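Chemist: From these two lone chains plus the hints, build me the complex, please.
Next come the chains, spelled out residue by residue.
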Amino acid sequence: MNFFAIFKLTIPVLMGYIPLGMAFGLLLSKLLIPWYYALFMSIFIFAGSGQFLALTLFASQATILEIGIATFLLNLRHTFYGLSMISTFKDFSWKKHYLIFGLTDETFALLKTSEVPEENREKVYLIITVLNQCYWIIGSVVGAMLGNILPFNYEGIEFSLTALFVVLSIELYKKSRLHKPFFVAIIIGLFGMFLFPPQKMLILSLCVAAFVLIVFKRSMESGK
Amino acid sequence: MESSYLVGAIIVASLATYATRLIPFLLFRTREPSPLVKYIELNMPLMIMVILVFYALKDVKWEAYPYGIAEIVGVVVAIALHVKFKNALLSIFLATLVYMFLIQKVLC
Chain X
1 MNFFAIFKLT
11 IPVLMGYIPL
21 GMAFGLLLSK
31 LLIPWYYALF
41 MSIFIFAGSG
51 QFLALTLFAS
61 QATILEIGIA
71 TFLLNLRHTF
81 YGLSMISTFK
91 DFSWKKHYLI
101 FGLTDETFAL
111 LKTSEVPEEN
121 REKVYLIITV
131 LNQCYWIIGS
141 VVGAMLGNIL
151 PFNYEGIEFS
161 LTALFVVLSI
171 ELYKKSRLHK
181 PFFVAIIIGL
191 FGMFLFPPQK
201 MLILSLCVAA
211 FVLIVFKRSM
221 ESGK
Chain S
225 MESSYLVGAI
235 IVASLATYAT
245 RLIPFLLFRT
255 REPSPLVKYI
265 ELNMPLMIMV
275 ILVFYALKDV
285 KWEAYPYGIA
295 EIVGVVVAIA
305 LHVKFKNALL
315 SIFLATLVYM
325 FLIQKVLC
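Chain order of the listed sequences is X and S. Under the working numbering, the first residue of the first sequence carries the number 1, and numbering increases by one thereafter. Under the working numbering, the first residue of the second sequence carries the number 225, and numbering increases by one thereafter.
Some hints here could point you the wrong way.
Claimed, not checked - Taking lysine to any residue and the SDA-like style, the derived pairs with C-alpha atoms no more than 20 Å apart in a straight line are:
id, chain 1, residue 1, chain 2, residue 2
1, S, K310, X, S114
2, X, K95, S, F252
3, X, K90, S, K262
As the list claims (entries may be wrong) - Computed Cβ-Cβ distance ranges for the label pairs, DEER-style:
id, chain 1, residue 1, chain 2, residue 2, range
4, X, H97, S, L321, 34 to 42 Å
5, X, H97, S, Y289, 44 to 52 Å
6, X, L32, S, F309, 42 to 50 Å
7, S, F325, X, F7, 22 to 30 Å
8, X, F191, S, L260, 21 to 29 Å
9, S, F325, X, F194, 24 to 32 Å
Keep in mind that the hints were calculated from the coordinates and are not lab data. All figures in this text were calculated on a predicted structure; none of them were measured in a lab. Cβ coordinates follow ideal geometry from the N, Cα and C atoms, glycine included.
Here chain S stands alone, though its shape is the one from the complex (with noise of 0.2 Å):
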């Protein structure tokens, strides 16, 4: 592949990607966020965070072995560590191990 290609590919990723995350400081930059807006601030974020997890679930072949049964242990460990213990990186860490152990040695 030649250089040239490659550093220009790059440079306009680049921009592609930063203009996206500029995008809306660019459009409140002067106005004050109308309270629809500040609505949306405030309410989105849940919203992203949950419709991440079914993202980060996206590639998971649910109809064939070991149908998905890994994840949805992770998922449930990391749900039930956080309610009871409310430390976040002992619920990441296990739920992760946990993982680990299943894909490795258990359904594999």
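Pulled out of the complex, with its shape left as it was, chain X reads as follows (with noise of 0.2 Å):
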């Protein structure tokens, strides 16, 4: 795989972390905090709705350790990607720490799918990670510098992301020898997107599908 392919795999990411990371970069320049903070911010945590709390929170005065609990609760879905990737990262040389900080919901979604020959994979992995790190701290910097002034209407381009986890879908259910687990995640995610608070919609109905997944792991596995 060269490098044009694994960028052209990342374009959607590009296409979302670029507004995302400025919308962040924007609030960060409103709460009045110098832009370089956005810049560590986005190098060191690399967490998309960690940084949007983080922010609030700061706002808010929060204390460091309230900080530490609410990112580790906001973030424990990301245990769901790494359990998903243990065979995957197994034999990866120490380079493997840093595919595991960059495993954001999106990184997560590119590796999953991407097709690799398994002697590249430790390097094309490393390669849309850090693309992807660079268009969020990309997005998040100029967000902060700039804010405001930019001329042109980018409103809804955050959509891509959202239309790539559509795609990523289709794909892994081409893949997966079960089909089952489609159905009852869709059942999940509507019951979730309606019912569940936001804040705790995702890690909520992860659990749901974990759980559902694990106790009729049975009838998940009889018909197709």
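Modeler: In structure tokens form, the structure reads like this:
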């Protein structure tokens, strides 16, 4: 896989991370925090919703302990991503720590669906993760520095991340041996979207999904 | 805001985020994952991805104008294009364009 092919895989994330990162940077500048904190946060935290949450907590002067706990709980869903990557990352070198660090929703989605020959896997995964983080950093720094003065109306461009998840769901569905988990996940997702509190929707839905997957293992595997 | 507060908070948020991503790797560093863990590893990603779609739509106001029409159309366009042409980039790009057009020009 050459660099251009890898870059192409990450374009949807580029289209989503730049405007989302800018929205984050903009919010940060509205709190009168200097722009280089946007840079530090996007380098060292690298979690979209986690960083927005951190800003909200900064604004309400939450204690550092509260920030730690809230961030941990918000990002707990990433534990499921790691769980799906154990055997893939198993034989990678020390660089896998960066891959683990960079396992955002979108990076996970790309890594899980990209088809890479085993011998190139570590390198390709690293490039994908680095590119994604670069988009995020660029977006957040530009947002923090330039703020509102951008000339074009890019409202709605973050829908590319929704479309990315839609497309990757179809890809995984086609590859999956079992099809029941797909339909069960649609029901759980719908249920979660309407009935769970938005802040906790993702982690609650993922827990329900894991629970159903495990408890109903036999019926998931029966039929098709 | 004091810089010591911000730096401390960023370090803590960074470690907390990394911890959530690292936990499963620590749990299964030495022991071989059981068949159950392998089953989860194999089937959970599809469920995660589907749930992420709904997560991305969680802030849509379904009960008030424009009733999430743009989001529904965008998702349907993405599905239709992807089933027909199997080109991820094309599906994502056109679905986003349609969505942006709808919320900027039609449903405003």
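Chemist: Evaluate each hint against the coordinates.
Modeler: Hints, one by one, checked against the model:
1. K310(S) x S114(X): Since the Cα atoms of K310(S) and S114(X) sit roughly 14 Å apart, the hinted pair holds (cutoff 20 Å).
2. K95(X) x F252(S): holds, 18 Å
3. K90(X) x K262(S): holds, 13 Å
4. H97(X) x L321(S): 34 to 42 Å: holds, 38 Å
5. H97(X) x Y289(S): 44 to 52 Å: Once the Cβ atoms are compared, 48 Å apart, the range 44 to 52 Å for Y289(S) and H97(X) holds.
6. L32(X) x F309(S): 42 to 50 Å: holds, 47 Å
7. F325(S) x F7(X): 22 to 30 Å: Holds: the Cβ-Cβ distance is about 26 Å, inside 22 to 30 Å.
8. F191(X) x L260(S): 21 to 29 Å: holds, 25 Å
9. F325(S) x F194(X): 24 to 32 Å: Holds, since F325(S) and F194(X) (Cβ atoms, about 27 Å apart) stay within the stated range.
Of the numbered hints stated above, none is contradicted by the structure.
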